[in-house]
Amino acid sequence: MIKRVVGFFGDKENAGLRRRLFYLILVLIVVADFLVPREHAEFLWDRLPGWSALYGFGSCVLLIFVSKFLGHRGGLMRREDYYD
Amino acid sequence: MTDFIHPALLFILGALPIPFLNGLIRKIYLVLIPALAILAVVAMSPGSYGEAQFIGQGILVAKVDRLSIVFATVFTIMALIGMVYALHLPRAGQHVAAFVYVGSALGVVFAGDYLTLYLFWEGMAFASAYLIFAGQGNRAIRAPFRYLMVHVTGGVVLLGGILLHGAATGSLSFGPIAGAEIDGDLDPGAYLILCGFLLNAAVPPLNAWLTDAYPEASVTGAVFLSAFTTKTAIYVLARVFPGVELLVWLGTVMALYGVIYAVLENDCRRLLAYHIVSQVGYMVAGVGIGTELAVNGAASHAFAHILYKSLLFMGAGAVIYVTGRRKLTELGGLYRTMPVTVALYMVGALAISAFPFFSGFVTKSMVVAAAGEDHRALVVLALTMASSGTFLHTGLKLPYYMFFGTDRGIEAREPPRNMLVAMGMAAVLCIAIGAFPAPLYALLPYPVDFEPYTGQHVTESLGILMFTALGFVIFLRALDPENTISIDTDWFYRKGARYFMWFAERPLARYEKAVSDVSETAVLPFLHRSARAGLRLDLYGVDGVVNGIAHSIFSGGGVLRRLQTGLVTHYALAMVAGLIAAILVFAVVWR
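Going down the list, the sequences are from chains A and B.
Take the first sequence: its position 70, counted from the start at 1, is 63 in this note's numbering, and no numbers get skipped.
The number in this note's numbering is simply the position in the second sequence, starting from 1, with 852 added.
Any given hint could turn out to be false.
Said to hold, decoys possible - Derived BS3-like pairs: lysine-lysine, alpha-carbon spacing no greater than 27 Å straight-line:
{"hint": "1", "chain 1": "B", "residue 1": "K1365", "chain 2": "B", "residue 2": "K1347"}
{"hint": "2", "chain 1": "B", "residue 1": "K1347", "chain 2": "B", "residue 2": "K1179"}
{"hint": "3", "chain 1": "A", "residue 1": "K(-4)", "chain 2": "B", "residue 2": "K1179"}
{"hint": "4", "chain 1": "A", "residue 1": "K61", "chain 2": "B", "residue 2": "K1365"}
{"hint": "5", "chain 1": "A", "residue 1": "K5", "chain 2": "B", "residue 2": "K1365"}
{"hint": "6", "chain 1": "B", "residue 1": "K1179", "chain 2": "A", "residue 2": "K61"}
Source of the hints: derived by calculation from the structure; they are not laboratory data.
Because the structure is a prediction, the values reported are computed rather than measured.
Use the sequences and the hints to build the structure in full.
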C-alpha cells in the first residue's frame, strides 16, 4: 500500500494526473476560503478571502529569490573547500 | 522521596551498566530505562524534592510543576524513540553518551536552583559533544571540537551570570527573574544568564554551532541532538524570561533566518538543522510574547517539534545510513527502494509544515494566534512566511531531491527494522497529536482556551501551504541544490580565528621583531654609551668639582688656623688695623 502511494508521487506515468489533481486542490482551497465563516478577524487581511493563497505564493517566491540573491550576490555561498 | 523518582538519576546511573551488557539483554535494558522514566514522569506530582545546603546555599535538586512536566514527558518519550532508533549499534559508547545527555537535560528541567542547573547544563554539553565525535571523518573531529568550545564558553557566561545574579539578589533559586517582564530592567547577571540560554537556543548570531555540528554527528546521535539542547533552552527561557520583548524580535528574525539559509543548503541534515533554528524561533517568540496562550504555544510547539524533527532526522539518517551520501546533489530516485522511509519522513514533513491533522498544526498556530491576540501584525506576517518556507524546504525541496527527482541509480534498501519502528513511533505521535490535541493541551502549563480546527484556520493554512507548493513547482529549477557551503556566523571563529592567527604570526610578529632589532642595534648601544658617558661625567666632572671645593675649604681652613697665634699683641694690632680700615671706608664711601 505504502509503496503504491509513494509510487503515485514518484512514477513518471502519473505526472499528468498528479498535475490535474494538484490544480484541482488549489482551486478547491481558494473556493473554500471564500465560503468559510470569518468570525475572528484580528487584522485587515483576515477578512480577505484568498489572502492566504496569495501570501503563501508570494512568500515562497520571495524566500527563494532573496535567499539565492544573498547566496550568489551577497557571497554567502562558497566552494565546499572554503574552510579547508 | 517515595512519590518522586528523579528521571535524571534513572538515566545517569542507568548509563553505568550499559558497557557490561550485551546482545538482547542490552537491547531490552536500553528500552526499559526510558520506559521506566516515562512512568516516573507520569506518576510524579508537583512539589519540591531534595532540598539541601551546599556551600552555604540552599539547593533544590528537583522542583516539579506543570511546565517541567510537559518537557520531561516529551524528553522521556523521545529518549525511548531515540534508543529504539539506535538499538542496532554494535558498541556501547553512544548509548552511554545518549543516556547521560538525556539525564542531564532532565536534570535541567527539574532543577530548582542555578547550581544544579549549571551542573546538568555542562553535562549536556559534554555528553552531546560525544555524539558528534562519534560521527565519521576528519570534519567530525573539528566540528565537535568547535561545538565544545562554543558551549564551554556559553557555560562560562552562564556561570558568570549566575554568580553575579546570585550576589545581587542573594538567592540562587531558579525561577522568573524579578523585573523580567519590564524590558531593560534586567541586572547584568540576568543579561549574562540570558546570553547563555540564547546560545543553547541557537538564536542568531549565536546559532552557528548547531548547523555546524549537527550534520557531522553520527546518524543516531543527531536524532538525540535535534531534540534536547535547544528545547532545554526554550524551557529555561520560559521559566526565567517570559515576556521579555527582546525575545519576540529575536524569535521572529530567527524563524526567517533559518528558512533563508535552508534554501542554500545542499547537506540534507544541515538543511534540517537550519529548520531547527527556524522552528525554535517560534518558541522564542512565544516566550517573548509571554501571555498564557503564547507560553502554552511555546511549550506545546517544543513538544511537537521534538517528535517531528527527530522523525525528519531519523529519515535523513536512514538515507545516510543506507547510501553513505548526504548531499542533495548526490541523492535522488530513492522512492522505489525506500518507500516506507519516504512515507514516514513525509509524516514528519507534513507535521513540521503544520498541515491539518498533523502535530505542527495544533501547536504552531497557538504561537501565531498569541501574536495576533497581542496585536503584533509584523510578527504574524513573518511567522506565517516562515511556515511557507518550512513546507518549501522540509516538505518539498528535501524529499524531492532526496527521494524523487533525478534517479542516480543508487543501490538502496530500507534501513534496519529498529530504525523504521522508531520512525513509526514518532510518526504515530505526530498524527495523534494533530488529530487529538486535547491530551497535549491538558498537559500545558496554563488552561487552554484555543480551538485550532476552525474552517477559517484550516483553509488559511492549506492556502499558504499549497500555494507555496505552486511556487515550488513553478520555480523548481531555481531551487536546484548547488555544490556549495554557506557562510554563517561560525565564519568569525573559523576564518576569523585563522586571520587572527595570521595577523599574530605575520604582521604582529614582524613588528615585534623589528622593534627588538631596532632596540638591539641602536637603542641599547646608545643607552650603554650614554650610561658610560654619565659615569665619566660623574667620576671626573661632578666628583672633581665637589672634591676641589672640599680641598679648597680644607686648605683655606689651614690658612685661617695659622692666623690664630694666641699672642694678645697680634690681636691688638689686628684690631687697630681693622679700626683704621673701618674709618677709611666710612670716610671714603659715606661722604
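Hint-by-hint comparison with the structure:
no.	hint	in the structure
1	B:K1365 / B:K1347	holds, 26 Å
2	B:K1347 / B:K1179	holds, 23 Å
3	A:K(-4) / B:K1179	holds, 24 Å
4	A:K61 / B:K1365	violated, 47 Å
5	A:K5 / B:K1365	violated, 70 Å
6	B:K1179 / A:K61	holds, 18 Å
In this structure, the hints that do not hold are numbers 4 and 5, in rising order.
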